[in-house]
Amino acid sequence: MRTPLYDIHVGLGAKMVDFNGWEMPLYYSGIIKEHQTVRSAAGIFDLCHMARIHVPAENMDQLQYCTTNDIKSLKNGRAHYSLVCDNLGGVIDDILVYKNGKDYFVVANAGNREAVLNALEEDNVTDLTEKKGMIAVQGPKSEDILCELFGKDIASINSYAFSFFSLCGDEVMVSRTGYTGEDGFELYFDAGKCQSIWEALMERGANWGLQPVGLGARDTLRLEAGMPLYGHELDLTIDPFEAGLGNFVCLDKPFRGREALVKYSQEKPMKQLKGLVSEQKAIPREGYKVFRNDQCVGEITSGSYSPALDKSIGMAYIEQDFCRKGKELEVQIRKRKIPFKLTELPFYKKEE
Amino acid sequence: MYPDDLKYTESHEWVRKEGDDVVSVGITEFAVEELGDVVFIELPEDGDTTGKGSPFGAIESVKAVVDLNSPVTGEITDVNSELADNLEVLNSDPYNEGWMIRIKLDDPDELDDLMDSAEYSEQFSEDN
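Chain order of the listed sequences is P and L. Position 179 (the first sequence) corresponds to 179 in our numbering; numbering is contiguous. Position 88 (the second sequence) corresponds to 88 in our numbering; numbering is contiguous.
What the hints contain is simulated information worked out from the structure, not anything from laboratory work. Using N, Cα and C, we set each Cβ at its ideal position, and we do this for glycine too. Please note that the accuracy of each hint is not assured.
[Stated by the list, open to error] Examples of chain P residues toward chain L, derived with CB under 10 Å:
id	residue
1	11
2	15
3	35
4	158
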């Protein structure tokens with residue numbers, strides 16, 4: 001599948017890859033360069049592959065039953081992070097839920113579109129994935145860029161809130177959300193407007209150093225920001241508490257998986273998601289084992305080079321007993337055991 | 001497009017004959033381009049032996065780690081120990097400063113199995 005921006009990516013010389021059945025840009029100029037651009041100026045991302053689902057007001061109870069966070073506390077004009085779990089408390093997907101008037105709008109991972117639709121079990125939710133475009137602008141200059149295009153009211157959108165704007169007669173929903181650890185915005189609009197909105201942003205953003213950014217840097221940015229990626233830090237075998245996401249689980253309401261999660265919430269998790277850092281540049285990759293002396297105590301879920309720290313970083317599930325800060329661990333990287341230090345997440349925090 | 005005086009492997013190593021039975025080995029600009037941002041390289045030690053087609057090390061970019069494969073069988077006599085701290089030379093000068101190891105050949109005839117620059121270019125030019 002191709003997003004409406006496919007031709008633009010190819011025209012920009014992007015290296016294209018398959019991502020969950022979508023042909024997406026991995027990078028344009030280079031992963032590290034694009035990563036640094038987002039941290040210092042701003043990057044523009046094609047997110048049209050993300051699953052987006054409209055849930056009408058009459059299905060609110062089902063949405064409440066299918067998600068871990070409390071829909072009742074979500075106010076109009078705001079979004080919250082939530083999880084969709086199965087009966088055993090394993091994670092089916094991590095999502096954003098928006099409340100727009102009385103209706104709801106769910107943004108889920110591209111690869112979990114079917115799973116989330118099935119979990120919702122409703123005939124009158126609408127899959128908007130191919131009807132709506134989605135573009136993100138992330139980085140310290142993103143507010144300046146969007147103010148140029150949409151007006152100064154952009155500046156008053158709070159974090160995890162959204163508002164509607166008009167661009168050349170078309171309605172654009174702008175939320176202050178993102179997956180990079182920087183200030184940033186995600187834009188939603190009719191799919192037919194994708195190219196013109198991308199081009200308008202690129203044109204106005206040029207003054208601020210806006211560059212296109214691919215999935216490669218999207219991954220390194222979220223990793224530095226300590227944000228989980230489904231299929232790595234989250235899957236059906238992981239419960240929200242092990243992943244450090246207990247804050248997004250409301251045990252006061254009935255929901256699918258609640259019974260299991262009540263039990264997990266009362267015990268210390270057997271393993272915990274932690275960060276690992278090393279001066280050495282060999283990258284701890286998914287599946288590499290983590291050791292304390294000769295004992296295997298965990299496994300890497302994601303790893304990369306961190307341009308912000310100029311170090312190798314990784315996330316790993318580590319057995320509870322070995323989770324204390326400062327503990328020296330080792331990661332088996334091919335033939336060698338490389339020393340890594342346990343650290344709290346995130347690895348990087350934006351300048352306030 | 002690729003230097004005429006070198007030979008090439010399918011896995012994008014280049015080979016330069018330095019003497020009767022010594023070659024130097026590196027990787028081509030095609031390989032460097034494919035890798036993207038190179039962040040790490042693992043090289044062997046002097047005195048290690050290597051076999052034709054066997055990995056002698058690994059090179060790592062943000063997205064992937066890839067074996068470096070030996071084009072010939074022999075003993076490693078020299079390793080470019082400065083390369084690890086100067087990975088940018090792989091972009092600026094992959095065929096000279098970007099050399100990785102030198103090998104003393106067990107069998108100089110193995111060089112005949114390698115591609116010349118025209119054959120390599122045909123298989124792996126930018127258009128392919």
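Quiz item: Which of the listed hints are not met by the structure?
Solution: 1 and 4
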